[in-house]
Amino acid sequence: AFQVTKSFLPILEWLPNYRVKEWLVSDIISGVSTGLVATLQGLAYALLVAVPVGYGLYSAFFPILTYFFLGTSRHISVGPFPVVSLMVGSVVLSMAPDDNFVIDGSNASGTNGTGTLIDIESRDAQRVLIASTLTFLVGILQVIFGALQIGFIVRYLADPLVGGFTTAAAFQVLVSQLKIVLNVSTKNYNGVLSIIYTLIETFEKIGTTNIADLIAGLLTIFVCMVVKEINDRFKHKIPIPIPIEVIVTIIATGISYAADLEKKYNAGIVKSIPRGFLPPEPPDVSLFSQMIAASFSIAIVAYAIAVSVGKVYATKYDYAIDGNQEFIAFGFSNIFSGAFSCFVATTALSRTAVQESTGGKTQVAGIISAGIVLISIVALGKLLEPLQKSVLAAVVIANLKGMFMQVFDVPRLWRQNKVDAMIWVFTCVASIILGLDLGLLAGLLFGLLTVVLRVQFPSWGGFGNIPGTDIYKKVKDYKNVIEPEGVKILKFSSPIFYANIDGLKSSLKSTVGFDAVKVYNKRLKALRKIQKLIKKGKLKATKNGIISEPGINNEAFEPDEEPEDNEDLQVPTKEVEIQVDWNSELPVKVNIPKVPIHSLILDFGAVTFLDIVAVKSIKTIIREFERIDVRVYFASYQDNLISQLERSAFFDDIVRKDIFFLTVHDAVLYIRNQMIYSDNQDPVFEKISLMQESKEPIEFTETTRPDDELDVQEE
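Numbering-wise, our numbering puts 423 at position 438 of the sequence shown, and it's gapless, one number per residue.
It should be emphasised that the hints constitute simulated quantities derived from the structure, not laboratory data. Any given hint could be a false lead.
Mimicking DSBU-like on lysine-lysine, the simulated pairs with C-alpha atoms at most 30 Å apart in a straight line are [stated by the list, open to error]:
#	residue 1	residue 2
1	Lys172	Lys386
2	Lys490	Lys464
3	Lys458	Lys494
4	Lys301	Lys6
Label pairs and their in silico Cβ distance ranges [said to hold, decoys possible]:
#	residue 1	residue 2	range
5	Gln275	Tyr141	22 to 30 Å
6	Val440	Ile129	28 to 36 Å
7	Ser107	Phe(-7)	35 to 43 Å
8	Ile138	Tyr302	21 to 29 Å
9	Val211	Phe281	39 to 47 Å
10	Pro224	Phe(-13)	39 to 47 Å
11	Lys248	Tyr141	49 to 57 Å
Fair warning: this is a prediction, and the values are worked out from it, not measured in the lab. Even glycine gets a Cβ: it sits at the ideal position worked out from N, Cα and C.
Build the full structure now, drawing on both the sequences and the hints.
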């Protein structure tokens, strides 16, 4: 019971082992630094969610409290993240657009800058309710995912997909914050091509730009990026990264307050930050049905970002992260924080980097950072009210540099793996055009499609032997390999199932050089003509062969123009009691493809599973080759395939287990021995000859065949 409790509450595992003397000071320094950054990012990312900035402080505080007890990562800083915040914001704006709150001028409490009067208080209250309800629903989904042990779902979000998605999200964030830096009011577009419409309207109204906001925003971006670059370049010499966002915010707030930028220059400022906490409120369950699809994608993305960041530091510091427990931890964090008017929490890359680089050892640093945010909520909120929104937007934009730098991964990906590069580009473009939720889905489907296509059209080839070894390599790739005489070896490097069975058949035709079905039909056609000639007396069938009567014009040489009719070709072979060497000259003019092989080996070393369609098709392939005197063997199969074939009723009197060999070389040696044995037996081959002048039967050596050994036609 204690072990189960520890797995659910990881704090019971690491807190008793906490090294107070070694770690506490580092965690305090890290917690204070991270808390200052978290305060600023909470305010800034609230702009992305389209809720009053004060609610960003709640979102930077509450999730940490539950994650401290339930989380397995020691280093991630839990709270808002721009990509997830923007996804939440798109849901909020679609469900509570400004148009829903248009009122008469007499009751107006604000304007959206386009001349339309908006009930700001009602709009903001509704948006906060939607954001917190969405957070609650995301939390429920994450807990369900964790309880069902489906943390593996994040594996389908491949690195190229995540890279393209986060780069597109960074572009979306940049566009959404651009209008705040310029202080230009636009409609809140949502859905397909929303980013294009926003850009067009922003540039149409660029003439109304507020110069004070623009200058403050550009200065903030420039200073933040320069100092962040200094932090990166000299991180080994600077013990603690310079908290430039905090410094810039304090200076910008002071300037705005001293110069009274709002009244003199009409600058957009934060205006009001609620002091203290709001009482918890239940979610509006009636909204669940409208946001379930979006909440699913947000839950997965939030979890994927947190786990991928957590794994980086877990690998660096040699400890393990439990994916399913992380689902549960973030789920309860979002359920808890959703009750306190927060928006969805995950982790921010930049904030986690600050927590780790300033010496954070455990989540004690996280709790201390929450304490700093708490001080801001209770005491400092009022001091930040003169702060320009453009400065907060600029802080957001400055933190996007790392995501935009991922663009330089594309040339490297293209050189290493073109398919991965295509996934990156497709996901990025789709997320920009369709929006983040649909773009993520499109990228995921495209990634899965590439896997299906690679399985559907796998590599294959004819193999040959390296002389003097038991090694077999592809004939096209190696000069000195030799194909065993009369034997073709095909390796098909993929599971075989309904989607690629046609690929197996076509690769078989290419490898052996003929179509077994066509060969069989042509032979039946030839036998039918021979049978007609025998009935007419043009040919003579004896025990030892077919002999053309001398001096008689052989009418069998007629053009092979009549269409093939498979139903008409069903001539029982036993009616013509002869054995024909199909590679010799025939007394009938039928173009029969030569069959230069007597054996075919299928190398199944790379085949991991077969479905029922594949089993039936392979059995058909065996029968098709057997009836044209080509034996089919299987080599290098995996053990599970045999049991799978047994369950599928694959084996019978004709298809037996003795055609399966452990290696290709074993199969080749067996075939050689069989050929030597059959040569020594001097088999009877009645040849058809038009030049035969003697009417006497040709003498052949009489041989006895073991009772249990039948030739193909007798079978």
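Hint by hint, here is what the structure shows:
1. Lys172 x Lys386: Holds, at roughly 27 Å.
2. Lys490 x Lys464: Holds, at roughly 26 Å.
3. Lys458 x Lys494: 19 Å, holds
4. Lys301 x Lys6: 22 Å, holds
5. Gln275 x Tyr141: 22 to 30 Å: The hint (22 to 30 Å, Cβ to Cβ) holds, given that Gln275 and Tyr141 are roughly 26 Å apart.
6. Val440 x Ile129: 28 to 36 Å: Given about 31 Å between the Cβ atoms, the range holds.
7. Ser107 x Phe(-7): 35 to 43 Å: Since the Cβ atoms of Ser107 and Phe(-7) sit about 41 Å apart, the hinted range of 35 to 43 Å holds.
8. Ile138 x Tyr302: 21 to 29 Å: Since the Cβ atoms of Ile138 and Tyr302 sit about 26 Å apart, the hinted range of 21 to 29 Å holds.
9. Val211 x Phe281: 39 to 47 Å: 40 Å, holds
10. Pro224 x Phe(-13): 39 to 47 Å: About 40 Å separates the Cβ atoms of Pro224 and Phe(-13), which means 39 to 47 Å holds.
11. Lys248 x Tyr141: 49 to 57 Å: With Cβ atoms ~53 Å apart, the hint holds.
The earlier numbered hints are all upheld by this structure, with none contradicted.
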